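Protein sequence lines correspond, in order, to chains H and A.
Number 23 in this note's numbering belongs to position 23 of the first sequence; there are no gaps in the numbering.
Add 1000 to the 1-based position in the second sequence for this note's numbering, that's all there is to it.
FYI, nobody ran anything at the bench for these hints, they're computed from the structure.
Certain hints may be false.
Unchecked claim - Each computed DSSO-like pair below joins lysine-lysine, with the alpha-carbon atoms no more than 27 Å apart:
id: 1; chain 1: A; residue 1: K1229; chain 2: H; residue 2: K130
id: 2; chain 1: H; residue 1: K130; chain 2: A; residue 2: K1130
id: 3; chain 1: H; residue 1: K130; chain 2: H; residue 2: K93
id: 4; chain 1: H; residue 1: K136; chain 2: H; residue 2: K271
id: 5; chain 1: A; residue 1: K1130; chain 2: H; residue 2: K40
id: 6; chain 1: A; residue 1: K1266; chain 2: H; residue 2: K40
id: 7; chain 1: H; residue 1: K266; chain 2: A; residue 2: K1040
Treat the numbers as computed from the prediction; the structure is a model and nothing was measured.
Protein chains: 2
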Amino acid sequence: MHFTDAYLEGLLVDDCPYDDLTTEGLGIGDTEGVVEAAPKAPGIVAGLDAACRLFELRGARVERLAKDGDAVEAGQVILRACGRASELHAVYKTAQNVLEYASGVANRAADMVRAAKAENPRAQVALTRKHFPGTKPIVYAAVRAAGGIVHRYGLSDSVLVFDQHRVFCASPDAAVARLKESAPERKIAVEVDSIEEGLRYAAAGADIIQCERFAPETVAEFRRVLSEKHPNVVINVAGGVTAQNAAEYARAGADVLVTSWPYFGKPFDVKMRFSCPNPGACK
Amino acid sequence: MHFTDAYLEGLLVDDCPYDDLTTEGLGIGDTEGVVEAAPKAPGIVAGLDAACRLFELRGARVERLAKDGDAVEAGQVILRACGRASELHAVYKTAQNVLEYASGVANRAADMVRAAKAENPRAQVALTRKHFPGTKPIVYAAVRAAGGIVHRYGLSDSVLVFDQHRVFCASPDAAVARLKESAPERKIAVEVDSIEEGLRYAAAGADIIQCERFAPETVAEFRRVLSEKHPNVVINVAGGVTAQNAAEYARAGADVLVTSWPYFGKPFDVKMRFSCPNPGACK
């Protein structure tokens, strides 16, 4: 996951489009100082590439003391930036927000990955397109840090048939054959509401059956039938998949746990500690 | 709160940079249909301007059946878009995400506004800069729909002295005088950790004292002392202010409840119901 400078500049300009009235008004802009980022609780960190680059973009010198996906202790310094107060203040809140939101998503996703892989090491946790609009780079960094995967980057990289498509189709059963012809290099995924529907689309040649709001025991039953008839078809589970039921779904035989749950919750607190060896300004 | 087309186009292109492989592959792109947005539970809606414009940008015709801040019933249709399947599918998930995240923030903020204003109709709930990075337009639409205010758009519109500034100052007590000189058209706000510190900065001429993590009873005590000595100084409370304690803080005499709490939580579910009078394609 790469953060472009254009994206990161956008975040900085969002927060400080012109002058930083407080820092400049105090006359402290040129005073040198240090800011250290340290999580308040143990956990996984994410967003470090972005946070480091944000400081660099305004001219601060950065020491990166951890990398995305590292499990760190409470109070462990993960990033240190040195520079003028004007540089540090133009960046620190944005960097903190990126670290806190990315790490919050990463910790919740990592809980799901751990739970699922304890039952089946090949099971994957895939995060959806249902993130806060405009936050893909941060969300994808979090997914990677957690050991998860991206379900779909968007509509142009993958094929997934929903009811919202079938409503337009005179013969929904013809859908898979059409898609296999139009997109022979893509796997064809179909979301279904029942075992019967899933078996019908698997028989029609779907590569992935996405089970919408199946109970874990229904997934297990589907797995048994599907493994006999269509052993290569991938089973996704979607709808209400959380850290609480991830183990159950993995045990039931789901290959991919599709979830938006890690997006909803608190940021992971990261304290930004300032120090200044020679406070000289604002006398 | 205005959403620029450039911003909304960015959201659409994020989700569909090139082709919609599924809709186009199915051959349903030109088939006409309807999508209706309806919340699953009663509550306040937000993000409607953006959602409507998103559909228009791809050529769909839109009926707006509610406006931001309206309290709606479960199942009440708030937006109807008519057009070709290609247009509706290019937009509906992004529109749904905007509506759900904006309305989620709006409902939590509205809970705080109601709680605070029941105690003091002049109290304001002000949302902070600690939102998911890159989401200002959606967040601000939510704040307005809830009857709240924006604490600071960023560093260029307001003056607020934190400890992170004072660490650079040889004489922090000189801060207010300097800022009053450099920014005579702005109110000067200072965040403090104690009543004593608050009184010192109020005496120095601060217009706003932001009480960081004061208990409600400490705010009440501060209010008493401050009203005697500096009756025109505004009291902000910040740090841990939620819907649960908003009434207490308003009752204690806080003028402004500064909070990030509405940002953390679940989106407000909005169902997107598709229909197609003449399913003709994908035979």
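Here is what the structure says about each hint:
no.	hint	result
1	K1229/A with K130/H	violated, 51 Å
2	K130/H with K1130/A	holds, 20 Å
3	K130/H with K93/H	holds, 25 Å
4	K136/H with K271/H	holds, 24 Å
5	K1130/A with K40/H	holds, 17 Å
6	K1266/A with K40/H	holds, 23 Å
7	K266/H with K1040/A	holds, 23 Å
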